[in-house]
Amino acid sequence: MKYMLLIYGPQRDREPTPEEWAEAMPKWEAYTSELRNRGAYVDAAPLAGVNTATTVRVRNGKRLVTDGPFAESKEYLGGYYVVEAPTIDGALEAAAMCPGAQTGSIEVRPIVAV
Amino acid sequence: MSQSDAGAVERVARGFREDAGRTVAALARALGDIELAEDALQDAYLTALERWPRLGFPARPSAWIFTAARNRAIDRLRHERLGREKLRRLAALEPPADVVDDAPEDDAMSAVPDDRLGLIFACCHPALGIEARIALTLRTLAGLTTEEIADAFLVPHATMAQRLVRVKRKIRETAIPFDVPPAERLPERLDDVCTVLYLIFNEGYTASAGDQLVRRDLCDEAIRLGRVLATLMPQEPEVMGLLALMLYHDSRREARVAPDGSMIVLAEQDRARWNRAKIAEADEWLRRAARHNAPGPYQLQATIAWAHVAPPSADEVDWRGVAELYRILEKMTPSPIVALNRAVAIGFADGPAAGLAALDALPREELGDYHHYHVARADALAKLGRDAEARDAYQAALARTQNAAEQNYLRAKIELTSV
Numbered sequence: 000m001k002y003m004l005l006i007y008g009p010q011r012d013r014e015p016t017p018e019e020w021a022e023a024m025p026k027w028e029a030y031t032s033e034l035r036n037r038g039a040y041v042d043a044a045p046l047a048g049v050n051t052a053t054t055v056r057v058r059n060g061k062r063l064v065t066d067g068p069f070a071e072s073k074e075y076l077g078g079y080y081v082v083e084a085p086t087i088d089g090a091l092e093a094a095a096m097c098p099g100a101q102t103g104s105i106e107v108r109p110i111v112a113v
Numbered sequence: 000m001s002q003s004d005a006g007a008v009e010r011v012a013r014g015f016r017e018d019a020g021r022t023v024a025a026l027a028r029a030l031g032d033i034e035l036a037e038d039a040l041q042d043a044y045l046t047a048l049e050r051w052p053r054l055g056f057p058a059r060p061s062a063w064i065f066t067a068a069r070n071r072a073i074d075r076l077r078h079e080r081l082g083r084e085k086l087r088r089l090a091a092l093e094p095p096a097d098v099v100d101d102a103p104e105d106d107a108m109s110a111v112p113d114d115r116l117g118l119i120f121a122c123c124h125p126a127l128g129i130e131a132r133i134a135l136t137l138r139t140l141a142g143l144t145t146e147e148i149a150d151a152f153l154v155p156h157a158t159m160a161q162r163l164v165r166v167k168r169k170i171r172e173t174a175i176p177f178d179v180p181p182a183e184r185l186p187e188r189l190d191d192v193c194t195v196l197y198l199i200f201n202e203g204y205t206a207s208a209g210d211q212l213v214r215r216d217l218c219d220e221a222i223r224l225g226r227v228l229a230t231l232m233p234q235e236p237e238v239m240g241l242l243a244l245m246l247y248h249d250s251r252r253e254a255r256v257a258p259d260g261s262m263i264v265l266a267e268q269d270r271a272r273w274n275r276a277k278i279a280e281a282d283e284w285l286r287r288a289a290r291h292n293a294p295g296p297y298q299l300q301a302t303i304a305w306a307h308v309a310p311p312s313a314d315e316v317d318w319r320g321v322a323e324l325y326r327i328l329e330k331m332t333p334s335p336i337v338a339l340n341r342a343v344a345i346g347f348a349d350g351p352a353a354g355l356a357a358l359d360a361l362p363r364e365e366l367g368d369y370h371h372y373h374v375a376r377a378d379a380l381a382k383l384g385r386d387a388e389a390r391d392a393y394q395a396a397l398a399r400t401q402n403a404a405e406q407n408y409l410r411a412k413i414e415l416t417s418v
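As you go down the protein sequences, you meet chains U and A in turn. Numbering that gives the first Met the number 0 numbers the first residue of the first sequence as 0 and each following residue consecutively. Numbering that gives the first Met the number 0 numbers the first residue of the second sequence as 0 and each following residue consecutively.
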């Protein structure tokens, strides 16, 4: 089964500095390669900051475009991983290993096969 | 319905209830789906109700039910790709398969794999909400009806039905495993299971609301499941400790409630009314647990319960020993409630003045809403002859409990301190 790990974290008031990137990246790279080694990795991507978010709705055929995320919140989606696991326990294991779990929250959701 | 029909229905129901846990477990594990397993079992049950009175009672009713349920599940799975709605229509069109002909009578219950352990871990999975875990455990493992569970937790039947449907869907859709967790996860997962059983027991023992002090069914089911767990996991001392703890509490069940339904506190209970068989069983589990030489919170709590039950009279309880056990327990699992119990034990060991001092040293902001805290202070104050303060404390306790039996007990205390 495939699960998506949605990585939520507090909103940043600024982009990370090059030093912060340099410190954070090896952790994420190590995490990704650990998932690959376990045969659990399917896909992943970070998202640009929530300040870049634009929300679109279509109502009565009319397109509504607004600045900002669809809902105000304390924690925002910052990126995702898709992992393969036989049961939810494997996905929870992967979520607990994720660097994002140390500072934010990881929401684990099964991906529905259609 | 004739007399013999009613008897047949009752016999079916009994067979269904006794082995339902094992049958659902085996089917659910194979299917990864409790809902489908229960539906298949329900079908088998209905088929039995229809057939047994006409064609005779099988030699091994539980095995018959299991085989029939398994056949129904296979049937359903074969048609699964057609979609559930179509399947339902098909089932309504065709008469149910004649399971009497193909259900082998020698397929005894002993041949059914005991998958209840896997089911216990699935029902108590941390990905499920705690209320859902409790409800599902009672429904699936204890075989209580949705209505019984709803009544026990004072929620509308429809709410409970919805809660059960949602949790079963989550198990299926998120692929919650029906397995014993790997060794490195076992302690925390086993703790989750013990928590669910103990919450069920406590809900039965001191109903958080309502008129009945003891809701027997819940206590009985928690103990029954505890025995199942202890039998299936014979190397886990904390499971034995939990079982011993529940048995010690339960042994005092009859003595705890007066004929008029009011509550009798431990020290005033008639020890002759304690259930000696349950105490002996608890002693045995606690002894077995001790052999593993791995103490844990449940074993400690059971030992504390033993310290209350073992002496021939309430005056002979070793309160210093009890206070020490609470001290160790507090170190293991820090909690204001445990600290409160330790302070109460100190009061009995060293007198009400020492007890009150220990109580007043506790963090009031954490315990202020807990009625037992106010009861303990009130008892100490009353013993010290400070009746006005005691009355205020009993009043504070009264305002913080919804249990009718406890409310009556506290009203009596308030009257006593008012003269």
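Hints listed in this document are in silico derivations from the structure and should not be mistaken for laboratory results. There may be inaccurate statements among the hints.
Said to hold, decoys possible - Simulated pairs of lysine to aspartate or glutamate, EDC-like, Cα-Cα distance not exceeding 20 Å: (1) K382(A) / E365(A); (2) K277(A) / D259(A); (3) K73(U) / D42(U); (4) K169(A) / E34(A); (5) K169(A) / E92(U); (6) K277(A) / D88(U); (7) K382(A) / D216(A); (8) K1(U) / E172(A); (9) K169(A) / D191(A); (10) K73(U) / E28(U); (11) K169(A) / E130(A); (12) K330(A) / E365(A); (13) K169(A) / D12(U); (14) K277(A) / D359(A); (15) K169(A) / E106(U).
Unchecked claim - Among chain U residues calculated to face chain A with C-beta under 10 Å, some are: (16) Q10; (17) G48; (18) Y75; (19) D88; (20) V111.
To be verified - Quick list of simulated restraints, FRET-style, between CB atoms: (21) D359(A) / A95(U): 53 to 61 Å; (22) R168(A) / G67(U): 28 to 36 Å; (23) D317(A) / P98(U): 46 to 54 Å; (24) A257(A) / P98(U): 57 to 65 Å; (25) P9(U) / V179(A): 34 to 42 Å; (26) P85(U) / D219(A): 47 to 55 Å; (27) P9(U) / T194(A): 46 to 54 Å; (28) H291(A) / E33(U): 34 to 42 Å; (29) E364(A) / A100(U): 30 to 38 Å.
Built from N, CA and C at the ideal position, the CB exists for glycine as well.
So, going through the hints one by one against the coordinates:
no. : hint                          : verdict
1   : K382(A) / E365(A)             : violated (25 Å)
2   : K277(A) / D259(A)             : violated (24 Å)
3   : K73(U) / D42(U)               : violated (26 Å)
4   : K169(A) / E34(A)              : holds (11 Å)
5   : K169(A) / E92(U)              : holds (18 Å)
6   : K277(A) / D88(U)              : violated (38 Å)
7   : K382(A) / D216(A)             : violated (37 Å)
8   : K1(U) / E172(A)               : holds (11 Å)
9   : K169(A) / D191(A)             : holds (18 Å)
10  : K73(U) / E28(U)               : violated (26 Å)
11  : K169(A) / E130(A)             : holds (14 Å)
12  : K330(A) / E365(A)             : holds (18 Å)
13  : K169(A) / D12(U)              : violated (37 Å)
14  : K277(A) / D359(A)             : violated (37 Å)
15  : K169(A) / E106(U)             : holds (15 Å)
16  : Q10                           : violated (27 Å)
17  : G48                           : violated (30 Å)
18  : Y75                           : violated (23 Å)
19  : D88                           : holds (6 Å)
20  : V111                          : holds (8 Å)
21  : D359(A) / A95(U): 53 to 61 Å  : violated (42 Å)
22  : R168(A) / G67(U): 28 to 36 Å  : holds (33 Å)
23  : D317(A) / P98(U): 46 to 54 Å  : holds (52 Å)
24  : A257(A) / P98(U): 57 to 65 Å  : holds (60 Å)
25  : P9(U) / V179(A): 34 to 42 Å   : holds (38 Å)
26  : P85(U) / D219(A): 47 to 55 Å  : violated (36 Å)
27  : P9(U) / T194(A): 46 to 54 Å   : violated (31 Å)
28  : H291(A) / E33(U): 34 to 42 Å  : holds (35 Å)
29  : E364(A) / A100(U): 30 to 38 Å : holds (31 Å)
In terms of the numbered hints stated before, the structure departs from hints 1, 2, 3, 6, 7, 10, 13, 14, 16, 17, 18, 21, 26, 27, listed from lowest to highest.
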